[in-house]
Amino acid sequence: MKVFNQTLTIETKGFSHIIDITNQLESAVEESGIENGTALVFVPGSTGGVTTIEYEPGLLKDFPELMEKLIPSNRSYHHDQTWHDGNGFSHLRSSLIGTSLVLPIYRGSVIHGTWQQVVIVDFDNRPRRRNVVIHLLGE
Amino acid sequence: MKVFNQTLTIETKGFSHIIDITNQLESAVEESGIENGTALVFVPGSTGGVTTIEYEPGLLKDFPELMEKLIPSNRSYHHDQTWHDGNGFSHLRSSLIGTSLVLPIYRGSVIHGTWQQVVIVDFDNRPRRRNVVIHLLGE
Amino acid sequence: MKVFNQTLTIETKGFSHIIDITNQLESAVEESGIENGTALVFVPGSTGGVTTIEYEPGLLKDFPELMEKLIPSNRSYHHDQTWHDGNGFSHLRSSLIGTSLVLPIYRGSVIHGTWQQVVIVDFDNRPRRRNVVIHLLGE
Chain A
21 MKVFNQTLTI ETKGFSHIID ITNQLESAVE ESGIENGTAL VFVPGSTGGV TTIEYEPGLL
81 KDFPELMEKL IPSNRSYHHD QTWHDGNGFS HLRSSLIGTS LVLPIYRGSV IHGTWQQVVI
141 VDFDNRPRRR NVVIHLLGE
Chain B
21 MKVFNQTLTI ETKGFSHIID ITNQLESAVE ESGIENGTAL VFVPGSTGGV TTIEYEPGLL
81 KDFPELMEKL IPSNRSYHHD QTWHDGNGFS HLRSSLIGTS LVLPIYRGSV IHGTWQQVVI
141 VDFDNRPRRR NVVIHLLGE
Chain C
21 MKVFNQTLTI ETKGFSHIID ITNQLESAVE ESGIENGTAL VFVPGSTGGV TTIEYEPGLL
81 KDFPELMEKL IPSNRSYHHD QTWHDGNGFS HLRSSLIGTS LVLPIYRGSV IHGTWQQVVI
141 VDFDNRPRRR NVVIHLLGE
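Chains as they are written, first to last, in my numbering: chain A, 21 to 159; chain B, 21 to 159; chain C, 21 to 159.
It should be emphasised that the hints constitute simulated quantities derived from the structure, not laboratory data. Errors might be hidden in some of the hints.
Given that identical chains are not distinguished, each listed pair holds provided it fits within a single copy or across any two copies.
Derived EDC-like pairs (lysine to aspartate or glutamate); straight-line CA-CA distance at most 16 angstroms [said to hold, decoys possible]:
1. K22 / E159
2. K81 / D100
3. K22 / E55
4. K81 / D40
Bound conformation, chain A alone (with noise of 0.2 angstroms):
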């Protein structure tokens, strides 16, 4: 059994940026040699989030409008009384979204759609240096 723990570091404009890191996925198990196992993408962090979308530019907008729309950023939670940060609407997204991720690493390959990437969400207020986690597991 094998076992590869890669940490990306991605600058990010914060505000729901969407970041597709497929390719880089795709690099980590080609590096790792794993021919069939597990990918789990993770995201140290309570206002960051892991999906899958089309990144295409009309969904990159859309997105975010969906957040927007079920946890409005305009308004006040109980967590901005408690640390004053403003962000209270990022960590919510984050618990609806999640920030892990699992695919299957088959004959040396990460399944996913064509048309559809893994992405890094940063729901948070500003913009941040965040760490992702790719962590690998098979043989």
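Given the coordinates of chain A, assemble chains B and C onto it according to the supplied hints.
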């Protein structure tokens, strides 16, 4: 370590059609001979989803109604201006619900609740023949 | 390859009660002796959930309020006409948030953010004694 990979092909009606694949998952675990490990269900494609639900007639109506409320199908999304296929809502629902689910395999069985089924949801705006990957890892 | 399986039993208050299980997860990893692998947290049952959140008093109010806004408890769902237990909203919240979470185990520790806790949410409409499965795989 064993890895077992199987692709199910499912005919769907689209429009948040919910398909129970619990039996297929359990059969795959039995066939694999894996006693302890993890069972990953992954939907390649950017308009599908996987989650768990009690598969009973009421919730089979409630869940699509929830999707319609959170991400209405009867409005225009930026995505639709890119491709003109009118399924922007399908993509957003997929990103929200997710396309990956991991369950424990323990003593030869997949762990899940008695009234908790593993379901695929096809969020697309048309019937589809859809692939679903069952990817088991363990020993 | 090692597999370590443990079931936590948790007393909850229901109604989106949030329980921090980060310490129990870290103890399980230590006990397992697994240095590198994956930690799966799975909630068997169709009215529970698992996610990550900063476990602080503000968000412990904000998250249940978000659930109430997205999936109100004070209306009727088709599910309630099937079973008359009045917890249709609980099921829908579980399907939305999910019952499965995977984290990396690396160099003997579970990777997560400093202010990012692993939490169980009980969406049911009554107090419950709930099982949560911690399932570790690695070496």
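Consistency of the hints with the structure:
1. Taking the shortest Cα distances, K22 and E159 sit within 16 angstroms of each other both inside one copy (5 angstroms) and across copies (9 angstroms).
2. In the homo-oligomer, the alpha carbons of K81 and D100 lie at most 16 angstroms apart only across protomers (12 angstroms), although the nearest pairing inside one protomer, at 26 angstroms, exceeds that limit.
3. When the C-alpha separation of K22 and E55 is checked against a cutoff of 16 angstroms, the pair qualifies both within a copy, at 10 angstroms, and between copies, at 12 angstroms.
4. Taking the shortest alpha-carbon separations for K81 and D40, only the intra-copy value of 14 angstroms comes in at or below 16 angstroms, while the best inter-copy value is 33 angstroms.
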